[in-house]
Amino acid sequence: MSATSIPQSAEHNPLIPAQAERILLVVAGVFLTINTLALVLRGAAGRDWLPLLIWVICATAGHWWLNRRFPWRDPLLFPLAMFLGGWGIVIIERLAPLFAERQMIWLVVGVVALGIVTAVPQLLRLLRDYRYTLLLIGLALLLATIIFGTNPSGQASAPQLWLGFDTIFFQPSEVLKIILVVFLASYLAEQYPMLRALQTPTGRRNAGLSPRIIGPMLLMWGLSVVVLIWQRDLGTATLFFIVFLLLLYVASGFTWLLVGGALLIVAAGVVAYALFDVVQLRVDIWLNPWIDADNRAFQIVQSLFAFAQGSVFGQGIGGGSPGYIPVVHSDFVFAAIAEEWGLLGVIAMLTSIAVLVARGMRTAARLNRRAYLSLLAAGLSLLIGVQSLLITGGVLKLIPLTGVTLPFMSYGGSSLVANFIIVGLLLRLSTEDVDRGA
Amino acid sequence: MSTPVAFFILRIASALTLLVLLGALFWVMWRDFATASEEVDANRRVHGRLVRLQEIDGRYVASPEAFPLLTLTSMGRGPTNVVPVEDTFASTDHALIALRGGRWWLEDRESTNGTSLNGIAIDQPIIVTDGDIISIGQSHYRLELE
Numbered sequence: 029m030s031a032t033s034i035p036q037s038a039e040h041n042p043l044i045p046a047q048a049e050r051i052l053l054v055v056a057g058v059f060l061t062i063n064t065l066a067l068v069l070r071g072a073a074g075r076d077w078l079p080l081l082i083w084v085i086c087a088t089a090g091h092w093w094l095n096r097r098f099p100w101r102d103p104l105l106f107p108l109a110m111f112l113g114g115w116g117i118v119i120i121e122r123l124a125p126l127f128a129e130r131q132m133i134w135l136v137v138g139v140v141a142l143g144i145v146t147a148v149p150q151l152l153r154l155l156r157d158y159r160y161t162l163l164l165i166g167l168a169l170l171l172a173t174i175i176f177g178t179n180p181s182g183q184a185s186a187p188q189l190w191l192g193f194d195t196i197f198f199q200p201s202e203v204l205k206i207i208l209v210v211f212l213a214s215y216l217a218e219q220y221p222m223l224r225a226l227q228t229p230t231g232r233r234n235a236g237l238s239p240r241i242i243g244p245m246l247l248m249w250g251l252s253v254v255v256l257i258w259q260r261d262l263g264t265a266t267l268f269f270i271v272f273l274l275l276l277y278v279a280s281g282f283t284w285l286l287v288g289g290a291l292l293i294v295a296a297g298v299v300a301y302a303l304f305d306v307v308q309l310r311v312d313i314w315l316n317p318w319i320d321a322d323n324r325a326f327q328i329v330q331s332l333f334a335f336a337q338g339s340v341f342g343q344g345i346g347g348g349s350p351g352y353i354p355v356v357h358s359d360f361v362f363a364a365i366a367e368e369w370g371l372l373g374v375i376a377m378l379t380s381i382a383v384l385v386a387r388g389m390r391t392a393a394r395l396n397r398r399a400y401l402s403l404l405a406a407g408l409s410l411l412i413g414v415q416s417l418l419i420t421g422g423v424l425k426l427i428p429l430t431g432v433t434l435p436f437m438s439y440g441g442s443s444l445v446a447n448f449i450i451v452g453l454l455l456r457l458s459t460e461d462v463d464r465g466a
Numbered sequence: 121m122s123t124p125v126a127f128f129i130l131r132i133a134s135a136l137t138l139l140v141l142l143g144a145l146f147w148v149m150w151r152d153f154a155t156a157s158e159e160v161d162a163n164r165r166v167h168g169r170l171v172r173l174q175e176i177d178g179r180y181v182a183s184p185e186a187f188p189l190l191t192l193t194s195m196g197r198g199p200t201n202v203v204p205v206e207d208t209f210a211s212t213d214h215a216l217i218a219l220r221g222g223r224w225w226l227e228d229r230e231s232t233n234g235t236s237l238n239g240i241a242i243d244q245p246i247i248v249t250d251g252d253i254i255s256i257g258q259s260h261y262r263l264e265l266e
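One line per chain: the protein sequences are A and V, in this order.
The numbering used here applies: residue 29 is where the first sequence begins, and numbers increase by one.
The numbering used here applies: residue 121 is where the second sequence begins, and numbers increase by one.
Be aware that a few hints might be false.
[Stated by the list, open to error] According to the in silico footprint, chain V covers these stretches of chain A (three or more CB under 8 Å from chain V):
{"no.": "1", "stretch": "379 to 393"}
{"no.": "2", "stretch": "439 to 449"}
[Claimed, not checked] Take a look, some chain V residues computed to stay more than 12 Å from chain A by CB distance:
{"no.": "3", "residue": "Ala126"}
{"no.": "4", "residue": "Val166"}
{"no.": "5", "residue": "Leu173"}
{"no.": "6", "residue": "Val181"}
{"no.": "7", "residue": "Leu216"}
{"no.": "8", "residue": "Leu237"}
{"no.": "9", "residue": "Ala241"}
{"no.": "10", "residue": "Glu266"}
[Said to hold, decoys possible] A few chain A residues facing chain V, derived, Cβ under 8 Å:
{"no.": "11", "residue": "Ala172"}
{"no.": "12", "residue": "Gly373"}
{"no.": "13", "residue": "Val374"}
Keep in mind the hints are simulated off the structure, nothing from the lab.
Even for Gly, the Cβ is constructed at its ideal location relative to N, Cα and C.
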């Protein structure tokens, strides 16, 4: 199917999701093949065709399954997730071949998780009915991480954000963020008539200060602070709070929430700056990394060099030297993309994430008469969007660096699986009817 | 062919596929948008007419005055209605004709003087069909479906 055969009237030839999805997956596959070929030609040890093969199997299986399960799904979500995930695997194979095998396994687990999420009947209703159970599980996970948390690197000084079983580690905050969005969506949907009634033309605006809104807002802020203090996990704390605030804004429509929330973030930031070394360091190297470019700001400075090296078209895969950036395969994967694929790669990646988020928000807008589903779609896509903004902004030194993963692309199993679960939920949401009860 | 040349060609190919991917993304979104706007247009499509009847020598005949029948056709004295009813017995938002589940429903919007279908006052939403006469006060309209 070529672009020249676009019919004038979509009525006689509507867009078939399976068809569109296939086109996008094939283009993504071609891109990955070309880059794997270049990587194999460079001929370093441990680089072969296996990741590509695994990717093709995952993409085909996922495509086949979704065609059977949801013929009228959103055609962009799955190919974009696979494109970003596959690109992530290629990058990790290039940057840290030792980790590639693990990441491949996690990709398979992620696609299987997406399959399960789309397979379970009535899943969205179940999530809603058991929201307090879910919240308890989430808080238990948080507590377990505070008590038993470890770091795979084994350093005592590093943040202890992982739960480990033998050699398998997972990061509970990735699961926790989904649980929190599900809980908030169902909680706010329950309060929805109340929230919306508050802004009828006759209603007094100060009714918006009711404990119904302020209560959960402060609770969530407290939770973020707990994460920040006990875990020194700046990124997750910021992510939780921003996503929560935006979700509350989507539900209520109060602009003062955004202003108040921003002030709370700034207040928390100022206090944290005074109390915690890690926050102080991040802010200092954000304001001026050049004072200490060889030492504490080494990572961010090398990342900026990588962007400069990349120029418009990049150095080509394997052609740059992103290895100078410490742990580049994790949070700084964006800098590696900039160096080896250049501005074009950065635009392609950012566009893919932006489209993914926009499609989620479109689903939310389409379902605006069913508060729970609408808020769920908005919250899940905001998770991906805000997280991407935090890390891409941090790597570019536009905002202070908060250590979160780049969705789908950074090395990290929990993050990859969590994002595939989010896409699975969004796929489900995109097939929901506009009407039919709440 | 030397290796640098091969890498150079692969770099160009990689950049081109990225551009093709972006193009494909926009194409899919454009098609999706076109499909969605067709759906919206279908909702705005004219499905028939409401012909105002006038009384001549005790018989009702069609007047030249006709209004489009939309998926949601509002009737009443208010000027924003699809069918503005100039009748002292009409309420501002008097009645509604709506396409629901493939059928046309006539419902009274809690008007002061009520709405009649074929001369009988309606007390709940009722299915209407081609040729039915809808009356508000002294004004009568014939439903003509396409």
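Taking the hints in turn, this is what the structure says about them:
Under a criterion of three residues with beta carbons nearer than 8 Å to beta carbons of chain V, the stated coverage of the stretch 379 to 393 of chain A is upheld, 3 such residues being counted. Only residues whose beta carbon comes within less than 8 Å of a beta carbon in chain V count, and the stretch 439 to 449 of chain A has 0; fewer than three means the coverage is violated. Here Ala126/V does not stay apart from chain A, with its beta-carbon only about 6 Å from theirs, under the 12 Å limit. The Cβ of Val166/V sits about 16 Å from the closest Cβ of chain A, beyond the 12 Å cut-off, so the non-interface label holds.
With a minimum CB-CB distance of about 35 Å to chain A, Leu173/V clears the 12 Å threshold, and the non-interface call stands. Every Cβ of chain A is farther than 12 Å from the Cβ of Val181/V; the closest lies at roughly 38 Å, confirming the non-interface assignment. Taking the minimum C-beta to C-beta distance to chain A, about 18 Å, the non-interface status of Leu216/V holds against the 12 Å cut. For Leu237/V, the requirement that its beta carbon stay farther than 12 Å from each beta carbon of chain A is met, with the minimum near 26 Å.
With a least beta-carbon separation of about 30 Å from chain A, Ala241/V lies farther than 12 Å from that chain, consistent with its non-interface assignment. Under the 12 Å C-beta cut-off, the non-interface status given to Glu266/V relative to chain A holds; the minimum distance is some 17 Å. For Ala172/A, the suggested interface contact is broken, since its CB lies about 41 Å from the closest CB of chain V, more than 8 Å. For Gly373/A, the suggested interface contact is upheld, since its CB lies about 7 Å from the closest CB of chain V, less than 8 Å.
Residue-level restraint check for Val374/A is violated (minimum Cβ-Cβ distance to chain V is 10 Å; threshold 8 Å).
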